[in-house]
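One letter stands for each residue in the lines below.
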Amino acid sequence: MDVLTPRSLEQALRLKAERPDAVPIQGGTDVMVELNFDRARPAALLNLNEVAELRGWSRQNGRVWLGSGLTYAEAMERPLAEALPALAEAARTVGGPQIRNRGTIGGNLGTASPAGDALPPLLVCGAEVKIASVRGERIVPLPDFVVGPKRNVLAEDELILGVSVGGTESRQTFMKVGPRNAMVIAVVSLAVRVDGDLRAAFGSAGPVPTLVRAGLGDVDSFPQRVAEAASPIDDVRGTASYRRHALRILTRRALDRCLV
Amino acid sequence: MLALSFSLCRKELAVGQVSITVNGAEHILELEPRELLVYVLRERLGLTGTNVGCDTSSCGACTVLLDGESVKSCTLLGVQVDGHEITTIEGLATNGTMHPVQEAFHEQHGLQCGYCTPGFIMAAVSLLDETPNPSEEEIRHALEGNLCRCTGYQNIVRAVQAAAGVEV
Ligand SMILES: Cc1cc2nc3c(=O)[nH]c(=O)nc-3n(C[C@H](O)[C@H](O)[C@H](O)COP(=O)(O)OP(=O)(O)OC[C@H]3O[C@@H](n4cnc5c(N)ncnc54)[C@H](O)[C@@H]3O)c2cc1C
Ligand code: FES
Ligand code: FES
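Protein chains in written order, with this note's numbering: chain W, 1 to 260; chain H, 1 to 168.
Wrong hints could be hidden among the right ones.
Said to hold, decoys possible - Okay, the calculated bits of chain H under chain W, using three or more residues with CB under 8 angstroms as the criterion:
id: 1; stretch: 24-30
id: 2; stretch: 63-72
id: 3; stretch: 114-127
id: 4; stretch: 137-151
Hint data in this document are derived by calculation from the structure and do not stem from the laboratory. Cβ coordinates follow ideal geometry from the N, Cα and C atoms, glycine included.
Chain W on its own, in the form it takes in the complex:
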């Protein structure tokens, strides 16, 4: 196995074009676990840790730009946590501190798990994913980026640069049900935002994290609608009917939090 460590975005894109088999690695909290369990044996890793262009966040014409290398620990810090409170709450629930120090938003998008905790908060904030390759850049709305369980639209020469999100400083919250507070995969997760309309996005209750929208007048029926939009399965973590039930209850509580 080769480990390629580009020092700039330009180098990174060039290497990805030349070695499409190189698996990008940021925090490695998904990639390295796969390697250590011997579930994956990539010919090469593309270590993005030294690419400064992928780090940090900034404000851009009323939206917020999150570099793909933004860690959960960084998303929990003010002032970013005040601009995107649901993302900050979700970040607080990810793994333990060592995972939050390493794990990134870009890695969560790369893995595209139905249980990815960064994804519901990004969905309710209208996230658009910016992707690049030596061929150029493109922007893909998050609902179109994740196309199936652990599947996204990235071509083999492309990298995720980051996401642009709106809805900053709006009323929003995140909730998650799991067997304990830390280090577990969510049974269901939910982000809700109340702004010009009602938006909810859930995880672990369908093949992909899913966004549901309704008008402000639909507060009473919204929890039921969210539950009906889910297509959960029975698995070791919970039954489909429990997941639907939990989504209804969580949506009601999240609305109470956001409407005070």
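Starting from the known structure of chain W, fit chain H with the ligands onto it as the hints suggest.
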């Protein structure tokens, strides 16, 4: 042309030789790309204070500081740490005097078999760097990435409180 530019950057980019500063001392090492940081520390540098419990990010026994932040060294490659600073449990004592967190674990009986202890201490050091006066809830949140099969955590939390200057 592409192939040529690739073979050129491959030499410069597929690092074999790395420079890692561990507990203040710089080490120039020839590493296999697949070597995990924890084995670089234990087997190349003889720093066996950092333990391996699970090697898949679950238990926290392998916790070290990377540029001051707690990370799990079983799921980090040695070559990824090129140019960075690592602090291990061996780096905490100064001139033979234990670090206040080590002292507190000793005083408060924050360990039984001791296997998890280096990891807990590094996680606690990282917490107290950022939050010098944590609440009990903050301490528990900061230690949730570490597992202990012996103590039931009570005395570990108490040790961190003591290190933070709380009467326990
Ligand atoms: C103990 C533990 C607990 C966890 N708890 C949670 C949890 O509570 N919630 C949760 O959602 N996740 C959890 N995870 C999973 C993981 O931490 C997250 O998915 C995290 O966001 C991954 O980020 P990373 O930077 O570590 O990704 P990496 O492992 O570096 O990469 C993940 C994937 O994304 C790809 N990728 C990374 N960067 C790019 C890029 N710039 N362009 C293209 N592709 C890229 C990689 O090739 C890989 O396929 C946990 C993991 C562990 C080990
Ligand atoms: S050995 Fe690294 S987390 Fe268990
Ligand atoms: S003291 Fe034995 S595992 Fe913690």
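> For this structure, which hints from the list above don't hold up?
Replying inline: 1
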